[in-house]
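Chains as they are written, first to last, in my numbering: chain A, -15 to 249; chain B, 252 to 492.
Just so you know, not all the hints are guaranteed correct.
Partial pick of chain B residues on the chain A-facing surface, computed with a CB cut under 10 Å [said to hold, decoys possible]: (1) Asn323; (2) Asp324; (3) Glu346; (4) Thr352; (5) Thr355; (6) Asn395; (7) Pro419; (8) Arg420; (9) Gly425; (10) Ile426; (11) Gln447; (12) Gly492.
Read the hints as simulated data drawn from the structure, not as lab findings. Glycine included, each C-beta is placed from N, C-alpha and C at the ideal position.
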Amino acid sequence: MRRRAVVVALGLAAAVAFGVKAVQDAGGGAPAVDDSFATAVTELPGSARPAFRVGRPVLLDRRESRARFAPVLRSVEALAQPRPDSASVATIATETPEGTTNIVLILRAVSRQDGTWVHVRLPVLPNERTGWVPRSALGGYQFVHTQLIVERKRLTATLLRDGRPVFSARVGIGQPHWPTPAGEFYIRDKVSGFGDPFYGPVAFGTSARSAVLTDWPGGGFVGIHGTNEPELIPGRVSHGCIRMRNADILRLARLMPVGTPLTIR
Amino acid sequence: MNEHDAPVLDSLEELALTLAEVDADGALQETAAVAFPTTRFTFLKRSVGALAAGAAGLFAADGAAAVGQTKNDIQILRFDLVLEYLQAGLYTEAERLGALTPKTLDWARVVGAHERAHLVAIKGLLGRNTVPSPTFNYGNVTTNERAFIRTAVAFEDLTAALLKWQAPRLDSRGILAAALTLHSVETRHAAWIRHQVGLQPAADAFDKPASQQQMARLIASTRFVAARPRLAGRRRPRVTG
């Protein structure tokens, strides 16, 4: 029985070997499917070099500082609480006294059944006032990574980017009877090319307001600007504004975006 | 009639259904209804209008083609760049606002990093033909997780469909080769996010394209592209001095 099985197996092996030999003789050696691939490859044109290569994924820096602001799309009442029946704190206009788009610094947001409400810092008296507005009254968020700190005792201004100082200058601040207010504010706009040497080449509008010069045109907003009297800086020389030498304000104008939080202490 | 109209129309109707699938309360469906009309007649009427007006004009090339790039390729790349601005902005804002759950943030952070890398690559290729980023207003989408996920799914699906439409229209094979490296990543994003939120990652055997004009209309109807605020001026400062 065993002997018979061995004979059958040998017979089958011989038949397979004969068959393979016959195919190789007829077809030139390689299996038909390999031939097809070889033909297809030789008929293709050379590959084009990609015009660009995408680099490494760009992750956000988790250490970046992230203040955000938004433009005011429509005149809106800022409310004491995030609900429609709350008391009004102030009316927010769509334009600044310089005719630029009014913006507000965003502190936080809450979602409720009646929509999203945003807690914002307001450019009104008393200084540092905040209020709630519907998200729909504001435009898209814009982020800044800078913060300006003005030290009234040391008469300095320092700009931080992601917490690191990138600019520092001596400043002039308000005279004792027109003090520069202390508190948390933000940069509202930037103007240049206005042709008034008193303000130097560039001026920033801020959300800070003089508590005493309320009848000043525009309502007594505190600005940060250049000067035509550089010899007075540093000192307590202004009506409440923060003055810098022109070279300094030009440098600051290149580094500090509108929307930057401002701390005066 | 354009020979490409029929497949584009079919695919857009299909994409409208996809949007409806992920859009339970109808916000994106409303958008899709504007972008994906239901009859061929309406579609053609709107196509002619869109080509003549906003969409095409918004992304039109300035005629100064860079070396190796045709006017046609520049127009397509500019469109893609604006789309990358839009997508990268969406993920960046959502990540910065910190309102996403850790599970969603896991993929949003990676996809956002890819979109920002795409943006850098396309800007680099366009060189002086690049266009600046529009200003975006994502409203509540970046703080409402459900809305964010729906929008992300829709945009990844649509971007993959758009790249399919653009690919045979590119003049440069080098740009085509590069675009294909983006296309597969966008489809991976779409499948990944779909899987994460329990949707079918690969429902069909074949995908269909979506046209640039339709994509432009869809973007316009989301109102994500906003007027740029005027943050600087030339008026005399009205500050205390």
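Comparing the hints with the structure gives:
1. With its C-beta approaching chain A no nearer than about 14 Å, Asn323 of chain B sits outside the 10 Å limit, and its interface hint is violated.
2. The interface hint given for Asp324 of chain B is met, as the beta carbon of that residue sits about 9 Å from the closest beta carbon of chain A, less than 10 Å.
3. A least Cβ separation of about 6 Å between Glu346 of chain B and chain A falls short of the 10 Å threshold, and the interface hint therefore holds.
4. With a cut of 10 Å, the hint placing Thr352 of chain B at the interface with chain A is violated, because the nearest CB-to-CB distance is about 14 Å.
5. Look at Thr355 of chain B: its Cβ only gets to about 15 Å from chain A, farther than 10 Å, so that hint breaks.
6. Using the Cβ-Cβ criterion of 10 Å, the hint placing Asn395 of chain B at the interface with chain A is satisfied: the shortest such distance is roughly 7 Å.
7. Because the smallest distance between the Cβ of Pro419 of chain B and any Cβ of chain A comes to about 14 Å, over 10 Å, the interface hint for this residue is violated.
8. Because the beta carbon of Arg420 of chain B sits about 15 Å from the nearest beta carbon in chain A, more than 10 Å, this interface hint is broken.
9. Proximity of Gly425 of chain B to chain A holds as hinted, the smallest CB-CB distance being about 4 Å (cut-off 10 Å).
10. The closest approach between the C-beta of Ile426 of chain B and any C-beta of chain A is roughly 4 Å, which is under the 10 Å cut-off, so the hint is satisfied.
11. Interface restraint check: Gln447 of chain B against chain A, minimum CB-CB distance 18 Å, threshold 10 Å, status violated.
12. For Gly492 of chain B, the interface hint holds, since its Cβ comes within 10 Å of a Cβ in chain A; the closest pair sits about 5 Å apart.
The structure does not agree with the numbered hints 1, 4, 5, 7, 8 and 11 stated previously, though it agrees with the rest.
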